[in-house]
Amino acid sequence: MRVFTTGSTGFIGAHVARKLRERGDEVRALVRSPGKAMALAELGCELIEGGLGADEAIVAGLEGCDAAIHGAAIYEVGIPSSRREAMYETNVAGTEAVLDAAREAGTPKVVYISTVGAFGNTHGKIVDETFEHPGEGFGSYYEETKYLAHQVAKRLIADGLPLTIVQPGGVYGPDDHSELGKLIKQMLRGRLPAIPFPDFGITMVHVEDVADGVLLALDKGEVGESYVLGGQNTTNRKMLEMAAKVAGKSAPKLTMPTTPLKVLKPFGGLIGPVIGYPPNLGELVSASDGMTMFASHQKAVEQLGYAPRDLEATIRDTLVAEGRLKG
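In our numbering, the protein residues as written are 1 to 327.
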């Protein structure tokens with residue numbers, strides 16, 4: 001199978017590209033800078049230079065492909081308003097450009113990597129793929145753009161695109177740079193005196209399991225269907241307590257209050273980087289305080305054969321791979 005991919009230099013996309021090559025698929029990867037994608041070239045991927053706004057590169061990349069996987073996105077919470085346009089162009093306009101080009105090219109099968117973040121706040125409930133975001137009250141601009149991109153994907157399905165959607169949870173794994181990963185690293189280094197947003201909740205999943213789920217959706221996913229690719233629903237507090245248990249350390253007992261962050265919102269651009277937070281402290285609070293993105297991956301288990309590891313195994317396998325824990 002020849003597969004056109006976007007986002008293959010990213011955290012999830014790199015694992016997807018590797019797994020495609022390991023099973024013998026040809027991979028044609030859209031990359032902004034081939035010089036920064038040598039790992040893909042070493043895997044034997046064909047590199048197509050261009051961004052999500054480069055229509056000719058996308059069309060050329062799709063030509064002759066049996067499938068496409070669109071995973072390119074900007075994931076960041078707490079961005080200043082000056083960076084919203086770039087996030088919109090990538091997450092929303094870029095998704096429409098790639099998926100619409102695949103429809104025009106007649107690509108037989110397409111997978112779009114969305115997120116459980118497109119559900120928004122689940123208010124403590126474990127939801128499934130039928131859950132609908134209210135379309136307002138977004139916790140972050142990232143959440144808003146991924147919700148809008150999800151709507152684009154559903155519209156193009158209605159327009160005849162043979163598309164399957166996957167929705168990963170909070171993805172964790174070796175060399176992870178997400179906020180979840182940063183918290184665990186800070187704690188293991190003894191630099192986390194208190195737990196921020198202890199009740200923030202998400203389904204946490206190993207990146208290898210997500211990549212496996214993407215390939216399962218490509219092979220077995222029904223056109224027009226969405227599949228949550230989760231692991232274990234947890235909170236910041238429980239996640240850090242589990243990481244401490246695995247590493248033989250003690251988790252912080254204190255909880256970091258959110259009131260000071262709210263008071264410091266006007267000075268976020270100056271203070272955020274100093275205390276290890278993004279510049280938009282207001283968005284960080286709204287996206288974390290009282291927020292849960294709990295979801296069930298039962299549909300993927302039953303229909304795709306998806307089999308993610310639990311939270312303890314996710315953390316243990318990651319720490320072993322990073323050399324932070326003996327195997």
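Wrong hints could be hidden among the right ones.
Computed list of lysine-lysine pairs in BS3-like fashion (alpha-carbon distance at most 27 angstroms, straight line) [to be verified]:
1. K245 with K185
2. K253 with K238
3. K182 with K265
4. K19 with K125
5. K262 with K238
6. K182 with K262
7. K182 with K19
FYI, nobody ran anything at the bench for these hints, they're computed from the structure.
Here is how each hint holds up against the structure:
no., hint, in the structure
1, K245 with K185, "holds (14 angstroms)"
2, K253 with K238, "holds (12 angstroms)"
3, K182 with K265, "holds (22 angstroms)"
4, K19 with K125, "violated (33 angstroms)"
5, K262 with K238, "holds (24 angstroms)"
6, K182 with K262, "holds (21 angstroms)"
7, K182 with K19, "holds (26 angstroms)"
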